[in-house]
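Sequences listed follow chains A, B and C, in order. With my numbering applied, the first sequence corresponds to residues 116 to 586, in that order. With my numbering applied, the second sequence corresponds to residues 107 to 234, in that order. With my numbering applied, the third sequence corresponds to residues 507 to 989, in that order.
FYI, nobody ran anything at the bench for these hints, they're computed from the structure. Glycine residues also receive a C-beta, built at the ideal position from the N, C-alpha and C atoms. Any given hint could be a false lead.
Just a few of them, taken from the derived set where beta-carbon distance is under 8 Å, the chain B residues facing chain C [to be verified]:
| # | residue |
| --- | --- |
| 1 | Ala140 |
| 2 | Asp143 |
| 3 | Phe146 |
| 4 | Leu190 |
| 5 | Glu194 |
Looking from chain B toward chain A, a few residues come up when the C-beta cut is under 10 Å (computed) [said to hold, decoys possible]:
| # | residue |
| --- | --- |
| 6 | Val145 |
| 7 | Glu148 |
| 8 | Thr164 |
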Amino acid sequence: MRYHPHTEADRKEMLAAMGMKSMQDLFADIPEKVRLARELNIPGPLSEQELVKHLGELSGKNANLADYVSFLGGGIYDHYVPSVINHLLLRPEFFTAYTPYQPEISQGTLTAIFEYQTLICRLTGMEVANASMYDGASALAEAVLMAGEAVKRKEILLSAAVHPECREVVKTYARGQGLAVAEVPFTGGITDLDALKAKLSGNTAAVVVQNPNFFGCIEPVLELGEAAHGQGALYITAVDPISLGILKAPGEYGADIVVGDGQALGNPTSYGGPHLGFMAAAAKLVRRMPGRIVGQAVDTRGQRAFVLTLQAREQHIRREKATSNICSNQALNALAATIYLCLLGKKGIRELAELCLQKAHYLAGKLAEVPGYRLAFSAPFFKEFVLKTPVTPALINQALLKDKILGGLDLGTFYPELAGHQMFAVTERRTRAEMDNLVAKLKDDIAAKSKDNVVAKPKDDVVAKPGGGRG
Amino acid sequence: MTNPRDLKYTKEHEWARIEGNRVTVGITHYAQEALGDVVFVELPGVGDKIIEGEAFGTVESVKSVSDLYAPVSGEVVEVNDNVLDSPETVNTDPYGAAWMIVVEIADPTEVDKLLSAEQYEEFLAEQD
Amino acid sequence: MTEQLVFELSKPGRRCLELPACDVPKAELSSLLPPGMLRDEIKGMPEVSEIDVVRHFTRLSKLNHGVDNGFYPLGSCTMKYNPKVNEDAARLPGFARIHPYQPEELAQGALELMYKTQEFLAEIGGMDGISLQPAAGAHGEYTGMIIIRAYHESKGEQRTKVIVPDSAHGTNPATAALCGYQVVQVKSDARGGVDVEALRQAMSGDVAALMLTNPNTLGLFDENITEIADLVHGGGGLLYYDGANANAIMGIARPGDMGFDVVHFNLHKTFSTPHGGGGPGSGPVGVKGFLEPFLPKPVVGFKEGKYFLDYDRPQSIGKVRSFYGNFGVVVKAYAYMIALGGAGLKAVSEHAVLNANYLMHKLKKDYHLPYGRICKHEFVITSRNQKGKGVHTLDIAKRLLDFGYHPPTIYFPLIVEEAMMIEPTETESRETLDEFIATMERIAREVEQNPELVWEAPHNTPVGRPDEAAAARKPVLSYLFCE
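Chain A on its own, in the form it takes in the complex:
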């Protein structure tokens, strides 16, 4: 393939216009000793037809969620993505544009971001939202830095029930700013309130919890927030946007900064990216927010128009004093989220949240009846829950694969103390028949294993590790 349109005559004439003889003349300024004296070792070229065939083969080696029934969650969820979204995203005016720096020819993107910010404010119950971040994890890390700056303190208390990958990202970012991150343990699947109170002090910049937390459990959000505010710390919550269709908004329980992963809002799972992170906050924190923000303006003709605003916070103006180094946002993914929420509408978001809640509880109830399985935590949950399993989750998942079922996440890979625990996620896509089938398979499997009275140790190469050890 080639995507440049030049003919041999074009090249000759363009070079001649500049008094040059060859393409090499264009690179006369590059010192000989740093020039590459050979061709790049990259395969190709391929015709479009060959390319399509190759990519089809490569993608065919992956199990996909159209073919498999998935109970995997842990931050990425198999929600249904309505057809309208892709059709609209593929309008080239949206996906081949860049940052709306020229508002006169970018009102499409700017208006959509303004709607996105409004929808995020409505969902979270907060006053301001930015135009989106890379993902939920980096949004959480930026929220932590923002809190450290806002209250001029150096200690972060992070619940151990926050997504393990998010905690890693927070720790990476905190190090550069000299923030100390201490973890607050969980008990019974939720953040240990007494342990939090014991760790809180006048040095605490922020308390960070996730709700529903990594285990799917609903945290005592009001009490956690009161404890944080009691010491003058900010209260940061990471939330599942779908849960906000039915769970109380963070703005109503005192959150100062709210972040989350927006994948569930109309973005495909895509092996974990791209999607978006969202960030919302109390109005008083708006000038400390990272990232782009769109605001309303009036143009020279008296019309309403939208612009990038409060730009003096950002790196291209404030340079080393900027609130963050972030430059881009995840505009196209935020557009998907906006369209998704418009399609769901006021009634739909509520119905969707309730469907997930009801179905998850149905499956949890059925699985808890399977001999040897029991619910690990008694705390209330939303669409994910943890089971203690009679055999290692890796073996269970391996057995399920032959029926094209992706079983729940093996928690031992994230929490050594939770080896033998498995977390199931249930979205609106899971039917009762699929869930009943899962339950039946597990019953059969257990029956077979107890009959043989052995738990065979499989060969290494057939163990279905969910991505290997992640410590």
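Start from chain A and add chains B and C according to the hints.
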């Protein structure tokens, strides 16, 4: 616009009106013009201490931002809420309505280091 | 013409997307949720029909300008054509509908694609190891700079400063500060490169790294690059390559051979993945061998015929993002690289540089060219010749909108007054360039004859210039509902 003769100036383009141990601080006409349309001013609170030569606040326009440097050291005793609410007054009336803070100074000799209007204008001429 | 907001199109009770009926026995909500956690219906959410949604966003799209609409010479952003076949590829169910926690055995195609992309980027950059985890260019910079910090710390050194040239992208100093470094700025010399003497002065045992873009933001290749590298390495510092301008050098010169230790690439610039109105991008980071242990985890490995996610990296900086980065973007960049092959990628850079030099050569007749030497993929001109008529760069940019062009990057780099930074990219034809040149000539004539026309531009766009100052003074950041 001429710079008022009764004020003192800094090379960072702040002005200072000295009345006993009370010093009123703002930014100059030159500064507001260089910034363009001012959209936001951030100032310390009453009771905060500021230190001569160090940043005590910021002033933002749409496409730029500048630190405000303290012409003297002392305690902030008044803050102009009007300039916080209506930052555009920095453009329209930099030496009047857009005063920013009043500082009570500890060391009266500090003001000796400040520039007169003539010296400040000479400094501006050198910059061009 | 502007468009109403979706909230203004709403009508109580209107619906579109239907969800499946609940097929499990419903429990009482009060038995499932703790008291006080149940939310009322969310006020102010849209209530529209499907055709409302489709028409609303279709109308919004028409208010935008994209690469597919016309020429988009936005310097530093490499707004090249985005191949459509790559969009199809990223949407294949085997790429778009896979879960990051599904077993590696069932994701071998994805892992192979990532592994090979790592190899290709290492080859292009002259690097030894690559992480695909960073989600954007600035995110890649951040990752690269904390790798540098981790390296110095591993040697027991606490270096505190990072040097950036005064022509640098704003992300460079912002990144250094985010990593806890003090930023030291060095000036550029008369030829637009790093002032080597100033760099020599700035170097000390405190310097952790120099961050450099080469070709730089003026579009000029720094001819002293090996001397600069020796100077920084001699002081124990490392060299960071901002890959924003890599479209100029593919197959021609490699950052690794210039002496750089760390590099990031912008897949959304150099490797043709669409910018999406501001994202998603992808900013992979490459490092020389001695820095590989510090790469974020996981890195994709290959052993005994199987691809795997390598988490066993005790010296890793940890993670900068969840999962493995913007995989869907990586798919498109991979497709682009193998569609072109090694020779094709070199041809990309050659034609990008050809187009830029041709445009520069033609535009310098009417517009001031501050640095008159061969440029690479982009160049900077100014409105100095138009200043006498009271016309600024902003006015020229706005006038270009009337002719259906996206303007160049303006007022950057900061070291050039009234800058216009123009990057045509390789995918534009000579005819497109000639039309743009004719338009720029016409605007130069308008400035002479009728400057008001230029001051008051744009005239033909859906909205005129918005009052950005008023918007920033009293920010309205979401739709205010009347309830």
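Consistency of the hints with the structure:
no., hint, verdict
1, Ala140, "violated (13 Å)"
2, Asp143, "holds (4 Å)"
3, Phe146, "holds (7 Å)"
4, Leu190, "violated (11 Å)"
5, Glu194, "holds (7 Å)"
6, Val145, "holds (8 Å)"
7, Glu148, "holds (8 Å)"
8, Thr164, "holds (8 Å)"
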